[in-house]
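Could you put together the complete structure from these sequences and hints?
Listed in order, the protein sequences are those of chains A and B. Residue 440 in this note's numbering sits at position 22 of the first sequence; the count goes up by one each step and never skips. Residue 432 in this note's numbering sits at position 14 of the second sequence; the count goes up by one each step and never skips.
Because the hints were derived from the structure by calculation, they are not lab data. Think of the CB as a built atom: it goes at the ideal place given N, C-alpha and C, for glycine as much as any other residue. One thing to keep in mind: the hints can contain errors.
Claimed, not checked - Ranges between beta-carbon positions, derived for each pair:
id, chain 1, residue 1, chain 2, residue 2, range
1, A, His500, B, Lys430, 25 to 33 angstroms
2, A, Glu514, B, His504, 22 to 30 angstroms
3, A, Asp446, B, Thr470, 40 to 48 angstroms
4, A, Glu533, B, Arg448, 17 to 25 angstroms
5, B, Lys548, A, Asp465, 24 to 32 angstroms
6, B, Met519, A, His433, 46 to 54 angstroms
Number of protein chains: 2
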Amino acid sequence: MENSQLKKAGLKITHPRVKILTILENSDKRHWSAEDVFKELMLSGEDVGIATVYRVLTQFESAGIVTRHNFSDGHSVFELDHGEHHDHMVDLDSGEVVEFMNDEIEKIQHAIADEHGYDLVDHSLVLYVKKKS
Amino acid sequence: MENSQLKKAGLKITHPRVKILTILENSDKRHWSAEDVFKELMLSGEDVGIATVYRVLTQFESAGIVTRHNFSDGHSVFELDHGEHHDHMVDLDSGEVVEFMNDEIEKIQHAIADEHGYDLVDHSLVLYVKKKS
DNA sequence: ATGAATGCAAAAACTTTGCATGACG
DNA sequence: CGTCATGCAAAGTTTTTGCATTCAT
Numbered sequence: 419m420e421n422s423q424l425k426k427a428g429l430k431i432t433h434p435r436v437k438i439l440t441i442l443e444n445s446d447k448r449h450w451s452a453e454d455v456f457k458e459l460m461l462s463g464e465d466v467g468i469a470t471v472y473r474v475l476t477q478f479e480s481a482g483i484v485t486r487h488n489f490s491d492g493h494s495v496f497e498l499d500h501g502e503h504h505d506h507m508v509d510l511d512s513g514e515v516v517e518f519m520n521d522e523i524e525k526i527q528h529a530i531a532d533e534h535g536y537d538l539v540d541h542s543l544v545l546y547v548k549k550k551s
Numbered sequence: 419m420e421n422s423q424l425k426k427a428g429l430k431i432t433h434p435r436v437k438i439l440t441i442l443e444n445s446d447k448r449h450w451s452a453e454d455v456f457k458e459l460m461l462s463g464e465d466v467g468i469a470t471v472y473r474v475l476t477q478f479e480s481a482g483i484v485t486r487h488n489f490s491d492g493h494s495v496f497e498l499d500h501g502e503h504h505d506h507m508v509d510l511d512s513g514e515v516v517e518f519m520n521d522e523i524e525k526i527q528h529a530i531a532d533e534h535g536y537d538l539v540d541h542s543l544v545l546y547v548k549k550k551s
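Rendered as structure tokens:
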């Protein structure tokens, strides 16, 4: 269960951390903003501050439990890290998000950074699409 | 000059708009945050409020004069729209922005959208990098 | 017990908005 | 002249931080 995951990450088993991890794991929802998580906690009657939500999600990110995406409207979303990296495709009409992964693109990105004298630390690739007509 | 561009965009010829467009056009700097533009105005002794800078840049965006990029540290940069597409690489230490363009990546993106039954409308690719050590 | 974690409120950083004044056409 | 644009300050958003208190081990 959640406790072992937290222990493995070197995090103390606290109420907020267990609760937040449980929420992330027991939902179909994949992408959570801090606010989303906070509201879900409220609904469950949990008394956790928004500051703690941010702190815990950031710790989870450091621990590799979640991945943080900074979407372009300037707010972050978090999703459980399944170990497989992927990028996102957003349907401009429906708002639907599709995940995809392409080794070739990943490879080229590293090459490009390298050519410019940099190490690639992270990247963000989002395709904005519409259903074929 | 600037006036005709503004007229073509249906924007009244006002002092702040002319000044800001002039700054963008007469500089080697490509990427401007609102704050950057504001500081440049101050240096020129212009008395323009930061709110106006944001308003004008947003109008320029609507008019297709500039492109807005939302970087993931939660602030926007604007650049003159030259019509040629390119992607960005951001140095996480210095904040420096490098432009690049890779046909192969562009091609693959179209293929991916296509495979999923979509048309690619737009995309955003940002590489976050650090100088090689 | 003791150091880490939490909640609260306040601060920070960036951007938008309300409103009275001033400028453009 | 009638709008539209501007400046200022105040409010909004999202996220972080300081600090006293509470909790896990």
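Going through the earlier hints one by one, which of them does the structure break, listed in rising order? 1 and 5
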